[in-house]
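**Q** In order, the protein sequences belong to chains A and B.
First residue of the first sequence: 900, per the numbering used here; consecutive thereafter.
First residue of the second sequence: 211, per the numbering used here; consecutive thereafter.
Since the hints were made in silico from the structure, they are not lab data.
Quick reminder that beta carbons are idealized off the backbone N, C-alpha and C, glycines included.
Keep in mind that a hint or two might mislead.
What the hints assert, rightly or not - The following residues of chain B were derived to be distant from chain A, with all beta-carbon distances above 10 Å:
| hint | residue |
| --- | --- |
| 1 | L214 |
| 2 | M227 |
| 3 | L244 |
| 4 | L260 |
| 5 | I271 |
| 6 | S286 |
| 7 | G291 |
| 8 | E316 |
| 9 | G324 |
| 10 | E338 |
| 11 | P416 |
Claimed, not checked - Beta-carbon label-pair distances, calculated as ranges:
| hint | chain 1 | residue 1 | chain 2 | residue 2 | range |
| --- | --- | --- | --- | --- | --- |
| 12 | B | L319 | A | E1009 | 33 to 39 Å |
| 13 | A | D979 | B | D345 | 47 to 53 Å |
| 14 | A | D1008 | B | G400 | 56 to 62 Å |
| 15 | B | A237 | A | I913 | 36 to 42 Å |
| 16 | B | L312 | A | R965 | 49 to 55 Å |
| 17 | B | R305 | A | A904 | 50 to 56 Å |
| 18 | A | G961 | B | R305 | 39 to 45 Å |
| 19 | B | M211 | A | L1187 | 48 to 54 Å |
| 20 | A | N935 | B | R302 | 48 to 54 Å |
| 21 | B | V242 | A | R969 | 44 to 50 Å |
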Amino acid sequence: MLEVAGLTKRFGAITAVDQLAFQVRPGVVTGFLGPNGSGKSTTMRCMLDLDRPDAGTTSFNGRRYRDLDRPLHEVGSLLDAGYVHPGRSGRNHLRWLAASNGIGRKRVDEVLELVGLTSVGGTRVRGYSLGMKQRLGLAGVLLGDPHTVILDEPANGLDPEGIRWIRDVLTHLAGQGRTVLVSSHQLSEMALMADDLVVIGQGRLIEQSTVKDFIDTHAERWVRVQSPALHGLAAALTEAGAAVTTLDPITLEARGVECAQVGELAARLGIVLHELSPQTGSLEDAFLQATASAQVYRSADPFQPPAVPQ
Amino acid sequence: MINLLRAESIKLRTVTMNWVLGTIAIAFPLVVTLITAFVRGDDNDFTTDLLLEVLTGTSFITVLLVAVVAAASITSEFGFGTIRPTFAATPRRLRVITAKALVLVEFGLSVQLGVVLVGVLAGTAIAEGRGSTIDLADSPNAVPALVGTVVLAAIVSLIGLGVGLILRSTPAAVALLILWPLMAEGLIGGLLGLVFDSEEPARWMPFRAGFRIAQLNIIDDGPSRLMSGVYFGAVSLAMVALGSWLVNRRDA
């Protein structure tokens, strides 16, 4: 179990993390979400005692990070795949990391094999792609066979196969009963991978829940209907208080009603239905809705092409 | 601590630049010694004192290169971000710095010890081949001066580490380590000499005092070889202590 309590970090006048508190339970993948500048990376650095927090604590199975004798055996972390010396080989990078925690060379070769980098283990890291560096970083995480794994944007730079691979690895690790906290901007990927979510904005906790509950709470729900007699059904739904949007001559979307109500109404009017399905917004929709008020860096209006001179 | 020493040793040995600088640090005084032996050996003029002067004189370059390696060993960690996995793997930062300091001192000692041993052996062999005789017992200051060069290299490796910990930037640390002994100390010492109308303050500039421990013949009446070494060592430890305090306090 990973517990963050009252974590606060200030950089001058800016409060990057503000009284943040959440728990991450073992056995599931927990996604750590927030808009750019929301304090995710700072929080992770504070959790690992790399940044000195102004207040608050983080505990790993009840112990502070600084009190862990050989942390790699308990907490594996990857904050940035670029934290490697480009002139050092991948194997040598893992060797010093392993040596610092009393881990032998055999384990270095094992984790290189595990992440698929055995053939390039002797190559200098400056020759690695970003995806290869991510794999090397994950090898470092796995070195000590830790019970807790913390990853900041691990899918960055990975190709589709790599993204799927990292999803499988993290799901597998969680399935072994480990505590897995992972931040990512790839919300579609997070929807597939995570069971729980911790969502923050402007350094504060917005919500902690399961992915399903988060989507149910924040994403829009509607009913999609296809019918050859759409006109009559649309009028009846509007009369029943639903907000109706007609997409094409045989398809509409109705908001403010449930599938059962639509079905019963159609049956009463003798209208044939070709499709009647409940629709829910994506994790992305829910995330944007939940964090709308906590966006630090907001985009301007979509780009408008310049007017063509007359 | 053994694990950390192994980790820091691997870090030092697995960067090519350290091998390049270490090789230059060893090769430069040896090349100068060999050239001198060949040039002066013909005239039976390659004496013990000349060999010692070449070895102690060129140690200046060796120790500067040792200092650069020492500084880069920590500044490159900040530059490439490896300081974060380092401190994540060992949250007690002072242990990491202690291990790094010990490994760097061992590096400095090894490099300069190598220079002295190979220099004396090669110089002796070449000189004897050309009819000269090299006998360290001929010079009463031979052993103190040669030991002094080795001690100097160890102390300077600590100075390099301290400067690196404080500045956290390779260009800034390297520039300071080269320009300070070559220029700044001369200027500041000169100014202090004018202000106090005395040579004494200049003699206590750190590097000037430090290099006294490696001088063959100390001709002025400044601090003794031992006092210079103690003073320079204290300055280097103070810099490491200041750097450690800053690193322990700052975000990684």
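**Q** Next step is simple, just say for each hint if it's right about the structure.
**A** Do the hints match the structure? See the list:
{"no.": "1", "hint": "L214", "in the structure": "violated (6 Å)"}
{"no.": "2", "hint": "M227", "in the structure": "violated (7 Å)"}
{"no.": "3", "hint": "L244", "in the structure": "holds (31 Å)"}
{"no.": "4", "hint": "L260", "in the structure": "holds (40 Å)"}
{"no.": "5", "hint": "I271", "in the structure": "holds (24 Å)"}
{"no.": "6", "hint": "S286", "in the structure": "violated (7 Å)"}
{"no.": "7", "hint": "G291", "in the structure": "violated (4 Å)"}
{"no.": "8", "hint": "E316", "in the structure": "holds (16 Å)"}
{"no.": "9", "hint": "G324", "in the structure": "holds (23 Å)"}
{"no.": "10", "hint": "E338", "in the structure": "holds (43 Å)"}
{"no.": "11", "hint": "P416", "in the structure": "holds (30 Å)"}
{"no.": "12", "hint": "B:L319 to A:E1009: 33 to 39 Å", "in the structure": "holds (36 Å)"}
{"no.": "13", "hint": "A:D979 to B:D345: 47 to 53 Å", "in the structure": "violated (59 Å)"}
{"no.": "14", "hint": "A:D1008 to B:G400: 56 to 62 Å", "in the structure": "holds (59 Å)"}
{"no.": "15", "hint": "B:A237 to A:I913: 36 to 42 Å", "in the structure": "violated (51 Å)"}
{"no.": "16", "hint": "B:L312 to A:R965: 49 to 55 Å", "in the structure": "violated (22 Å)"}
{"no.": "17", "hint": "B:R305 to A:A904: 50 to 56 Å", "in the structure": "violated (27 Å)"}
{"no.": "18", "hint": "A:G961 to B:R305: 39 to 45 Å", "in the structure": "violated (23 Å)"}
{"no.": "19", "hint": "B:M211 to A:L1187: 48 to 54 Å", "in the structure": "holds (51 Å)"}
{"no.": "20", "hint": "A:N935 to B:R302: 48 to 54 Å", "in the structure": "violated (33 Å)"}
{"no.": "21", "hint": "B:V242 to A:R969: 44 to 50 Å", "in the structure": "holds (47 Å)"}
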